[in-house]
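Listed below are the residues making up each chain.
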Amino acid sequence: MVRPDKARALLAEYAASLDDGRLAEWPMFFTVDGLYRITTRENRSRGLPLSIMLCDNRNMLYDRVEATEKANIYEPHYYRHVLSDSRVTKQEDEVLHVSTSFLCVRTMLDGSSILFVSGEYLDEVVRDEGKLRYRSKTVVLDQSRIDTLIAIPL
Amino acid sequence: MNITWPAEGVARAPYAVFSDPEVYALEQGRIFRGPTWHYLGMELELPEAGCFLLAHVGDTPVVVARDEQGDIHAMVNRCAHKGTPLVFVPAGKLERKRFMCIYHNWMYDLQGRLKSVPFEKGVAGKGGMPPDFKKEEHGLEKLRVHSIAGLIFGTISADASAFEDYIGADHISNIQRVCGRPMTLLGSYSQLLHSNWKLYMENVKDPYHASLLHAFNGVMRNDRLTMEGGIRMGARGWHHLSYSKMSADTGGEVYASAPLRSAEISVYGQGLRDSSLTDVWDDYGDRVTLTVQTVFPCFVLQQLRTCLAVRAVVPKGPGRTELRWTAFGYESDDERQRALRLKQANMMGPAGLISMEDGMIGALIQRSIKGDRDKASVMELGGRGIDPIPCSRASEGSVRGFWTGYRFLTGL
Chain A
1 MVRPDKARAL LAEYAASLDD GRLAEWPMFF TVDGLYRITT RENRSRGLPL
51 SIMLCDNRNM LYDRVEATEK ANIYEPHYYR HVLSDSRVTK QEDEVLHVST
101 SFLCVRTMLD GSSILFVSGE YLDEVVRDEG KLRYRSKTVV LDQSRIDTLI
151 AIPL
Chain B
1001 MNITWPAEGV ARAPYAVFSD PEVYALEQGR IFRGPTWHYL GMELELPEAG
1051 CFLLAHVGDT PVVVARDEQG DIHAMVNRCA HKGTPLVFVP AGKLERKRFM
1101 CIYHNWMYDL QGRLKSVPFE KGVAGKGGMP PDFKKEEHGL EKLRVHSIAG
1151 LIFGTISADA SAFEDYIGAD HISNIQRVCG RPMTLLGSYS QLLHSNWKLY
1201 MENVKDPYHA SLLHAFNGVM RNDRLTMEGG IRMGARGWHH LSYSKMSADT
1251 GGEVYASAPL RSAEISVYGQ GLRDSSLTDV WDDYGDRVTL TVQTVFPCFV
1301 LQQLRTCLAV RAVVPKGPGR TELRWTAFGY ESDDERQRAL RLKQANMMGP
1351 AGLISMEDGM IGALIQRSIK GDRDKASVME LGGRGIDPIP CSRASEGSVR
1401 GFWTGYRFLT GL
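Chains as they are written, first to last, in the numbering used here: chain A, 1 to 154; chain B, 1001 to 1412.
Keep in mind the hints are simulated off the structure, nothing from the lab.
Computed from a predicted structure; not experimentally measured.
Cβ coordinates follow ideal geometry from the N, Cα and C atoms, glycine included.
Be careful, since some hints might not be right.
Non-contacting residues of chain A with respect to chain B, defined by C-beta distances greater than 12 angstroms in every case (computed) [stated by the list, open to error]:
hint, residue
1, G21
2, V82
3, G111
In silico DSSO-like links for lysine-lysine, alpha-carbon gap of 30 angstroms or less [said to hold, decoys possible]:
hint, chain 1, residue 1, chain 2, residue 2
4, B, K1375, B, K1343
5, B, K1082, B, K1126
6, B, K1343, B, K1370
7, A, K6, A, K131
8, B, K1343, A, K70
9, A, K70, B, K1245
10, B, K1142, B, K1097
11, B, K1126, B, K1142
12, B, K1134, A, K131
13, B, K1097, A, K90
14, B, K1115, B, K1126
15, B, K1135, B, K1097
Please construct the entire structure, taking both the sequences and the accompanying hints into account.
Shown next as structure tokens:
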């Protein structure tokens, strides 16, 4: 049984990790065969499977981290996530399903900030090697139009 | 308008054309409402009568709809009465098979003909339209439409040549190659670019940067100019098709010996941890694993390994551009192929491992050239003209081809 308050603490740690720029930690928030994807409300409502970002195992998460940190070029920026209360949508013996709304503000080094994206985390949390991890995390963006690019995962 | 094009011709692009509002207005008239063809959508997005989608031809809003006969029509999305948009959601279905303006309920059929006007004859014998008001003179402004392999193109101008002549037979054949079989829609999204639309089109048409700016390509030894490949130019040199064969990287000494950013990155020493991102199969029986094709001014068709998409580039003022992506696969895809296409979509779009930098590079340039309208970019790789070099992509000839069309139409 995964307790909702523990799942909530996991999400708080997840968001803080991204906001602090600790991207190297990101893959270990997921199980070995964990799924991470960013999609849009529009594609989801139309039943279309395209993702903006899709990793279906931890190796892919590490590949993404390495690309983001070493290969891809983008203007440096920071995220600031603001999270809503989490809502338990389903409680199974081994898996807790929770949804949480978020806002993400993006700030560039010149000081300019925008409300970059908003949306919902649809999370499936499991106990794995004594820790809570994501078996699945789907980020559903309200926006279908992204300002410039998404380099750092949400 | 005070633009002096440098004497070197299309081997230069004066910076002023990227930011001048008067140039932008001129382009809207001479290019976008001029004799050019524009991508509007895919036929499979309009499966039934009454289905519609919205598109843009430059600043002009367009609605595309399928009628009861199965024919596709494109019209300016603007009621003839006051200019109200007839539909204002990106896509949908008109259950009553007609457009009704929300403002005063003028009603049009799916071909854009005005069918009824409320109170046309007045109320209780008073008011109403003048007796000589003719509904047939107030239909929606129609575009000419051309469908090819499920892709819908339109033109506002009566002067545009037939689509086949506009891009040329060779380029028709690549559209048929990539799209000429039943397709399935995988999804769409867009990016807001803080740059002029032409900076994005230059980027797409420039095979020079692919292995340099995109270090992911560089370190993965993807899309290198040492691979067998080339550029084929469309009619008049305005359009381009860049292709390469992944399996035939013929030697890397120019990459090994040159000061390249990708050579300075130690990442991926053993390749990707998950190699399925670069799995590939031959969809077309020609071993060509990458094609990027443009139709002047603003359409892109990409086959990036198994990752298939169209891109529509929509200007949003001199310094802003919307880049709209639509990804597709084939009805014949098995489960593995479909899953791999969705996985390889990591390479494209706003978070694309390869395409990410393209969303930003134009914005950097836009900012840095702002104050210097009299300076110009220098594009001399592969010469100063637009003749392709056989079996070579070490050329900016396709970018110069873009400027050839641009100068012809704008007179700049």
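Query raised in the report: Does the alpha-carbon distance linking K1375(B) and K1343(B) stay inside the 30 angstroms limit?
Result: Answer violated: K1375(B) to K1343(B) is near 43 angstroms, above 30 angstroms.
Query raised in the report: Regarding the assertion that V82(A) does not contact chain B, is the least Cβ-Cβ distance greater than 12 angstroms?
Result: holds (21 angstroms)
Report task. Starting from K6(A), check that the Cα of K131(A) is at most 30 angstroms away, please. Result -> Holds, at about 10 angstroms.
Requested in this report: Given the hint that K1097(B) pairs with K90(A), test it: the Cα-Cα distance must not exceed 30 angstroms.
Outcome: Cα-Cα ~41 angstroms, so violated.
Query raised in the report: Can the restraint linking K1343(B) and K1370(B) be considered satisfied, given a maximum Cα separation of 30 angstroms?
Result: violated (39 angstroms)
Query raised in the report: Is the straight-line distance between the alpha-carbon of K1135(B) and that of K1097(B) 30 angstroms or less?
Result: It holds: about 19 angstroms lies between the C-alpha atoms, which stays within 30 angstroms.
Query raised in the report: Keeping to a limit of 30 angstroms between CA atoms, is the pair of K1343(B) and K70(A) held or broken?
Result: Within the cut-off at roughly 21 angstroms; holds.
**Report entry** Agreement of K1142(B) and K1097(B) with the hint, judged by alpha carbon distance not exceeding 30 angstroms
**Finding:** holds (17 angstroms)
**Report entry** Whether G21(A) stays farther than 12 angstroms from all C-beta atoms of chain B, as the label says
**Finding:** holds (17 angstroms)
Query - Holds or violated: K1134(B) to K131(A), with C-alpha atoms at most 30 angstroms apart - result: The given pair, whose Cα atoms are some 74 angstroms apart, is violated under the 30 angstroms limit.
Query raised in the report: For the pair supplied as a hint, K1082(B) and K1126(B), is the alpha-carbon distance within the 30 angstroms limit?
Result: holds (22 angstroms)
Report task. Would you check whether the claim that G111(A) is not at the interface survives, using Cβ distances to chain B and the 12 angstroms cut-off? Result -> holds (15 angstroms)
In summary, the structure is inconsistent with hints 4, 6, 11, 12, 13 from the numbered list given earlier, while agreeing with the others.
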